[in-house]
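Keeping their order, the protein sequence lines are chains A and V.
The first sequence begins at 1063 in this note's numbering and counts up one residue at a time.
The second sequence begins at 14 in this note's numbering and counts up one residue at a time.
Some clues are possibly wrong.
[Unchecked claim] These stretches of chain V come out as covered by chain A in the derived footprint (C-beta under 8 Å, 3 or more residues):
#1 166-178
#2 266-277
#3 286-294
[Claimed, not checked] Computed beta-carbon distance windows for the label pairs:
#4 V:320 / A:1128: 37 to 45 Å
#5 A:1162 / V:108: 48 to 56 Å
#6 A:1128 / V:333: 46 to 54 Å
#7 A:1124 / V:386: 25 to 33 Å
#8 A:1162 / V:42: 47 to 55 Å
#9 V:403 / A:1151: 46 to 54 Å
#10 A:1124 / V:363: 55 to 63 Å
#11 A:1151 / V:348: 41 to 49 Å
#12 V:369 / A:1145: 53 to 61 Å
#13 A:1151 / V:406: 24 to 32 Å
Worth flagging that the hints you see were computed from the coordinates, not collected in a lab.
Backbone N, C-alpha and C define an ideal beta-carbon position, used for all residues, glycine too.
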Amino acid sequence: MRALTRAFIVFSILFAFACDRENPAPPDGGGNPQRDAGTVDATVPDAGPTTCQPRSSECWDETPTTSTQLLNACTDSTCVPFDNCARLPLLRPDGTLPPLP
Amino acid sequence: MKRVVRSRGAVAWFVVLVSLPAATAGAQAPCTELENPVIGAGGSASVPLLERVGAALRTVDPPITLVYQSPGACFGITPYVDGTRITGTASYWDADGSQQTCSLPLTGLVPDFGMLGTAGTLCDGVTEIPAGIGDFAGPVTSWSLIVPQASSQQAISAEAAYFVFGYGPLEGQTAPWTDPAHLWGRSATSAALIAIALAANVPPERMASWFPGDHDVRTNQRMIERVVESGGVAPEATLGFVSTEVADANRGMVRTLAFQHTDQTCAYWPDSTATAFDKRNVRDGHYYLWSSYHFYAPIDSEGRIIHENTRRLIGYFTGTEELPEGLPLNQIIAENGNVPECAMNVWRDSDLGPLYSYQPAAPCGCYYDFLVTGATSCTACEDSTTCPSSAPVCRYGYCEVQ
Chain A
1063 MRALTRAFIV FSILFAFACD RENPAPPDGG GNPQRDAGTV DATVPDAGPT TCQPRSSECW
1123 DETPTTSTQL LNACTDSTCV PFDNCARLPL LRPDGTLPPL P
Chain V
14 MKRVVRSRGA VAWFVVLVSL PAATAGAQAP CTELENPVIG AGGSASVPLL ERVGAALRTV
74 DPPITLVYQS PGACFGITPY VDGTRITGTA SYWDADGSQQ TCSLPLTGLV PDFGMLGTAG
134 TLCDGVTEIP AGIGDFAGPV TSWSLIVPQA SSQQAISAEA AYFVFGYGPL EGQTAPWTDP
194 AHLWGRSATS AALIAIALAA NVPPERMASW FPGDHDVRTN QRMIERVVES GGVAPEATLG
254 FVSTEVADAN RGMVRTLAFQ HTDQTCAYWP DSTATAFDKR NVRDGHYYLW SSYHFYAPID
314 SEGRIIHENT RRLIGYFTGT EELPEGLPLN QIIAENGNVP ECAMNVWRDS DLGPLYSYQP
374 AAPCGCYYDF LVTGATSCTA CEDSTTCPSS APVCRYGYCE VQ
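All chains, full assembly: derive it from the sequences and hints.
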């Protein structure tokens, strides 16, 4: 069972501090950094975005069983987010890829 | 059996052209007359690994002379699909690692084995592996998008690669990689290009189309040279790609970009940091750009490799042949920047396909950690009687879980 909640409300705050990080920064400034960083959700929010949104900086802190969970499992490896929304002007307004020309 | 080879003529002519200068040199020993030769063909990424293995194989009993020609990864499968013969010269290695050159027959030969960093079926015109050819998994290699040391770039995403290699540098508008003069690549016969194209969800032929003329650098080593040269002019705009072991061997000149795959929330290097050599993120699935080498060789009706010494060579990698004294294969693999299957914690059933958790049958993760970092948290052992119940099996000097 996924023990953690999707915390999109803190995404923009997290992203401001997320550059060249090791463990994701805890959103509340305390407790277990990996747990507090929340769950992975690289998909769209339930309501569906209308504009491109930076990805969650969260990691998966339980035993990963799927490919996406393995890719995003909490780790003490260094990582650096690549902000697709800011750097890819050809992304569609909702953040998805257009077809190849 | 269906064999579809759209580019058969082009492949054959390419091999002839690549081999022509060497074929006329004529001074080298015949490859087929070396001691117990095993002759392979394929990509240039595996040359550093084969150099180390080839040197060690000269010392085992009985010795093997590993001979290899590297016109491109897909040439490791096309001889078995359309009968393309390799000609010209090939490399082999003395016991001290020094590279030598030998001559292949003027009429060419079909190699004893092919070696590719990706599956042969990803090569243009190869829709399936022919009957009678075995596909054997080798050690894991990974792929690096590289920039010159002077670049400030640290990461790239699969989506960014989609625009750079799918739309092209100009139309893709993915700063700073927007200048075609400083974008370097390979042809669609390159395993590195195929792997990155797969990850970026771009057809390999389309990706290769952005590298006309000398922007197709043809080998991993040449890629390093071009990225360094280009970086002297425009470090931010320069981008290339090689196998990670080649990037690792040239870290003084180029840097591997961290890679953020689709659905991934952060970009990771193959190693735990940009400067480490531990391949932790390859082993645990955080770094997406990896695959196991594929060996291809003719097999009999029972699936055994027909050529005896080729069976020995590939068997050492797959574990079906006992390692002889003088061939510390896992150490060689680790020191070359590759990962043996026994040290992987994730696996995938198709190249660049979905990952799943993996427990090797005879794990060597502790030993691998020690080899690449000089330390491990595992318990050292001489035999299993001294291992704790949580890791009861002594392998390679360390207690493993099974």
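Query raised in the report: So which hints don't hold here, by number, going up?
Result: 6, 10, 12 and 13
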